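Asker: The chain contents come next:
Protein chains: 2
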Amino acid sequence: MPAPNALYAQSGGVTAVINTTARGLIEAVRRHPARLGRLYAGRDGILGVLEERLIDTGRLGAEDLALLGDLPGGVFGSCRYKLRSPEERPELYARLLDVFAAHRIGYFFYNGGGDSQDTAQKVAAYAAARGYPLVVLGIPKTIDNDLPETDCSPGYGSVARYVAVSTWEAARDVASMASSSTRVFILEVMGRHAGWIAAAAGLVHRRAEDPPHLILFPERPFVEETFLAAVRRTVASYGHCVIVASEGVRDKSGRFLAEAGGRDAFGHTQLGGVAPRLSALVQDKLGFKCHAAVADYLQRAARHLASRTDLELARAVGRDAVRYALLGRHAEMVTIERLSDRPYRWRTGTVPLERVANRERLLPEAFIRADGFGITAAARRHLAPFVAGDAPPHTVDGLPPPVRLPLVAVRRRLEPFTAPR
Amino acid sequence: MPAPNALYAQSGGVTAVINTTARGLIEAVRRHPARLGRLYAGRDGILGVLEERLIDTGRLGAEDLALLGDLPGGVFGSCRYKLRSPEERPELYARLLDVFAAHRIGYFFYNGGGDSQDTAQKVAAYAAARGYPLVVLGIPKTIDNDLPETDCSPGYGSVARYVAVSTWEAARDVASMASSSTRVFILEVMGRHAGWIAAAAGLVHRRAEDPPHLILFPERPFVEETFLAAVRRTVASYGHCVIVASEGVRDKSGRFLAEAGGRDAFGHTQLGGVAPRLSALVQDKLGFKCHAAVADYLQRAARHLASRTDLELARAVGRDAVRYALLGRHAEMVTIERLSDRPYRWRTGTVPLERVANRERLLPEAFIRADGFGITAAARRHLAPFVAGDAPPHTVDGLPPPVRLPLVAVRRRLEPFTAPR
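Protein chains in written order, with my numbering: chain D, 1 to 421; chain B, 1001 to 1421.
Keep in mind the hints are simulated off the structure, nothing from the lab.
Be aware that a few hints might be false.
[What the hints assert, rightly or not] Examples of chain B residues lying across from chain D (beta carbon under 10 Å, computed):
{"no.": "1", "residue": "GLY1012"}
{"no.": "2", "residue": "GLY1077"}
{"no.": "3", "residue": "SER1166"}
{"no.": "4", "residue": "GLY1398"}
{"no.": "5", "residue": "LEU1399"}
[As the list claims (entries may be wrong)] Label-pair distances were calculated between CB atoms; the ranges are:
{"no.": "6", "chain 1": "D", "residue 1": "GLY254", "chain 2": "B", "residue 2": "GLU1088", "range": "53 to 59 Å"}
{"no.": "7", "chain 1": "D", "residue 1": "ASP371", "chain 2": "B", "residue 2": "PRO1002", "range": "50 to 56 Å"}
{"no.": "8", "chain 1": "D", "residue 1": "GLU415", "chain 2": "B", "residue 2": "PRO1364", "range": "54 to 60 Å"}
{"no.": "9", "chain 1": "D", "residue 1": "ARG255", "chain 2": "B", "residue 2": "ARG1207", "range": "40 to 46 Å"}
{"no.": "10", "chain 1": "B", "residue 1": "ASP1284", "chain 2": "D", "residue 2": "GLU209", "range": "42 to 48 Å"}
{"no.": "11", "chain 1": "D", "residue 1": "PRO401", "chain 2": "B", "residue 2": "PHE1417", "range": "54 to 60 Å"}
{"no.": "12", "chain 1": "D", "residue 1": "GLU209", "chain 2": "B", "residue 2": "VAL1408", "range": "16 to 22 Å"}
{"no.": "13", "chain 1": "D", "residue 1": "ASP371", "chain 2": "B", "residue 2": "ARG1130", "range": "51 to 57 Å"}
{"no.": "14", "chain 1": "B", "residue 1": "SER1340", "chain 2": "D", "residue 2": "GLY61", "range": "20 to 26 Å"}
[What the hints assert, rightly or not] No farther apart than 30 Å at their CA atoms in a straight line, the calculated lysine-lysine pairs in the DSS-like style are these:
{"no.": "15", "chain 1": "B", "residue 1": "LYS1122", "chain 2": "B", "residue 2": "LYS1082"}
{"no.": "16", "chain 1": "D", "residue 1": "LYS252", "chain 2": "D", "residue 2": "LYS285"}
{"no.": "17", "chain 1": "B", "residue 1": "LYS1285", "chain 2": "B", "residue 2": "LYS1252"}
{"no.": "18", "chain 1": "D", "residue 1": "LYS289", "chain 2": "B", "residue 2": "LYS1082"}
{"no.": "19", "chain 1": "B", "residue 1": "LYS1289", "chain 2": "B", "residue 2": "LYS1252"}
{"no.": "20", "chain 1": "B", "residue 1": "LYS1285", "chain 2": "D", "residue 2": "LYS82"}
{"no.": "21", "chain 1": "D", "residue 1": "LYS122", "chain 2": "D", "residue 2": "LYS82"}
{"no.": "22", "chain 1": "B", "residue 1": "LYS1122", "chain 2": "D", "residue 2": "LYS289"}
{"no.": "23", "chain 1": "B", "residue 1": "LYS1082", "chain 2": "D", "residue 2": "LYS82"}
{"no.": "24", "chain 1": "D", "residue 1": "LYS289", "chain 2": "D", "residue 2": "LYS252"}
{"no.": "25", "chain 1": "D", "residue 1": "LYS285", "chain 2": "B", "residue 2": "LYS1082"}
{"no.": "26", "chain 1": "D", "residue 1": "LYS122", "chain 2": "B", "residue 2": "LYS1289"}
All values reported here derive from a predicted model rather than from experimental measurement.
Cβ atoms here follow ideal geometry from the backbone N, Cα and C, with glycine treated the same way.
From just these sequences and the hints, can you work out the full model?
Answerer: Below, the structure written as structure tokens:
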């Protein structure tokens, strides 16, 4: 009897380094042909699994795999799709097992954040209950860095580096023009619930006068008067003020600042945006000329600024997911365990999925400065390793070269099925 | 009699490479001690000259000069300050000559865009009329690339590279999630009057399916129906649509889209923003989930993505400004002359200031695709050299190191003076 096949799928928001995790996993699978057969990837994550849209990773050659490491986004596609419980949607779980059986899948590697680890756990439990032999391993990934039980989540280090470098660069621009132009600059970054991304900007704040002068965390309620007073004080001291604001900043009543909008003069939906809102506030209340940047997907796609550490972690969790699966681990997620801060030493480990599923790790209180507008020395010690190291992607004439990858579909064996959206 | 001193000032919006121009100039001045005495820099551009806030560049050592090349923004400060004509404000011109005389300035190097070249010309004319011996050289700088008579303006190549790379990266992210999440992504870039910056995104559009699918230029009036039809068509063909929009996009009546705002639910000023406006439009009219990024200062400060070509050009115009001054050129601006496209070969030249002052070079018609949403092959040929070459700045643990530069003030010799703001 030939070795069982394996299935890999990406889930949720993509990162600058998730394809490096895929690469690590693919290379590891290939080292064990006697125990692992083909490795398929779900097109668009779990959606492609449900709909039997699978990609045969065996068609990717060594050069293709090396190229994967240079590509942000999810090369096989990912999805935002909440797989409800087997009690609510038994037909979806039955379908998953049908697809697994049709393609002789014995290993399921699911690469995502907290929701995805929950899905992985449900799939594992369902397969066990039906007597289907399936090894399930979760692989961490999220720029939000809010997965518990792991030192960090691959993807975070690169967005952290992007935010720190961009803040530093824009701040030098603002500082050089502030005497006659923009006094206040606001960079809006991701992080709906946890302030990990915003906190990373604090890594370039070495002296009191260094940017960012103010960081706004979702973990701390936004108080307009305190904020405006801090801006006024900073401008008085340094001539300008650089602010990094998490998209998840909320007021005391828990309402997102970004949602305080409404409709514009034309009756169009006024899209949220913390930075434009803060910018209008500063301009109206303090009279300072203000500029705002919204990094949006630029931050999580910025492979050109990915940290080498993050790439190494991303590759390791893919590679070791295979190793742990072959060691008999099951219904666990691969983790990063820190051994020392400086130099940063780490190893992978695993943790039962039930200990990560649907749990969110916020920024610890000890990482937020007493005034609520910056990070502590403990935070710097913890975060600094994640952004370390250059690992520029290959460029041709200064630009990313054209991408041509053999993403070949696996022949379908089942009736068509459309997952409910 | 000792050699006359020289004065350098930066003007207008700063760039990722203007400090490299300063470096080229400082190094060139030092090679001619018999003909050029001290080199001073105006703190905050012409404002610092008027207010006798000068920096002695002689205190910068070789290591400091090398560091200059890694720093975005203007290291001596720049300003947004429109120096009115000598007829309107004779006292300002008289003050400039007082400062020049007090510090024995015989050479004035002014580094800026179209307005600045106009100022340089006025200063030259005024000095001549008063019999003050002054050699004036303009040095080009503007991310907008709208200076005439030069192949490009240093600063442009780096923002062009930033926009092209960022578009490509974010587009890979969007493409990988589009089947269940964001369908349309909009990146707003600078360029109030000219579409050079937006056009650069077109460099990564190699095949029909490649991003950006639509570029919106200030040179072409925005027509809502045509735009929405193009977005709908693109999503139908490729599943997603990536748009790069210049901040200067205007409707048929000439009104900036970014100014179509008003006040929000709280009566606060609704800051403009082409991307949020287009995003609301797409969401309301087409129902596609849409994301928008506003790069703002991030784009012009992105030294980490500066092109090597741009850095070389920036250094050359600084260096050769000194060379031309010593050759007896006066009231001219240094230019870049293209000798060949591929490989890109160039040399510097000069042009009378009167031929550049207050003239704006828009994107040529021949560079805009017939449908108005992309660039032509001629544009690609012209633009490609500017973004070529990696030149990453020095980092420590993945981040820009702390900056400590000896920016030492020159002792004042005149009564205090405050320039009218």
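Asker: Please go over all the hints and tell whether each is borne out by the structure.
Answerer: Outcome of the hint check:
1. GLY1012: holds, 9 Å
2. GLY1077: holds, 5 Å
3. SER1166: holds, 5 Å
4. GLY1398: holds, 4 Å
5. LEU1399: holds, 6 Å
6. GLY254/D x GLU1088/B: 53 to 59 Å: At roughly 55 Å between Cβ atoms, GLU1088/B and GLY254/D fall inside 53 to 59 Å, so the hint holds.
7. ASP371/D x PRO1002/B: 50 to 56 Å: Since the Cβ atoms of ASP371/D and PRO1002/B sit about 53 Å apart, the hinted range of 50 to 56 Å holds.
8. GLU415/D x PRO1364/B: 54 to 60 Å: This hint holds: roughly 56 Å between Cβ atoms.
9. ARG255/D x ARG1207/B: 40 to 46 Å: 45 Å Cβ-Cβ, so the 40 to 46 Å window holds.
10. ASP1284/B x GLU209/D: 42 to 48 Å: Since the Cβ atoms of ASP1284/B and GLU209/D sit about 44 Å apart, the hinted range of 42 to 48 Å holds.
11. PRO401/D x PHE1417/B: 54 to 60 Å: holds, 55 Å
12. GLU209/D x VAL1408/B: 16 to 22 Å: holds, 18 Å
13. ASP371/D x ARG1130/B: 51 to 57 Å: holds, 55 Å
14. SER1340/B x GLY61/D: 20 to 26 Å: violated, 37 Å
15. LYS1122/B x LYS1082/B: Roughly 12 Å between the alpha carbons, so the hint for LYS1122/B and LYS1082/B holds.
16. LYS252/D x LYS285/D: holds, 20 Å
17. LYS1285/B x LYS1252/B: Holds, at about 20 Å.
18. LYS289/D x LYS1082/B: holds, 17 Å
19. LYS1289/B x LYS1252/B: holds, 27 Å
20. LYS1285/B x LYS82/D: Between LYS1285/B and LYS82/D the Cα gap is close to 27 Å, so the pair holds against 30 Å.
21. LYS122/D x LYS82/D: holds, 12 Å
22. LYS1122/B x LYS289/D: holds, 29 Å
23. LYS1082/B x LYS82/D: violated, 56 Å
24. LYS289/D x LYS252/D: holds, 27 Å
25. LYS285/D x LYS1082/B: holds, 27 Å
26. LYS122/D x LYS1289/B: Answer holds: LYS122/D to LYS1289/B is near 29 Å, not above 30 Å.
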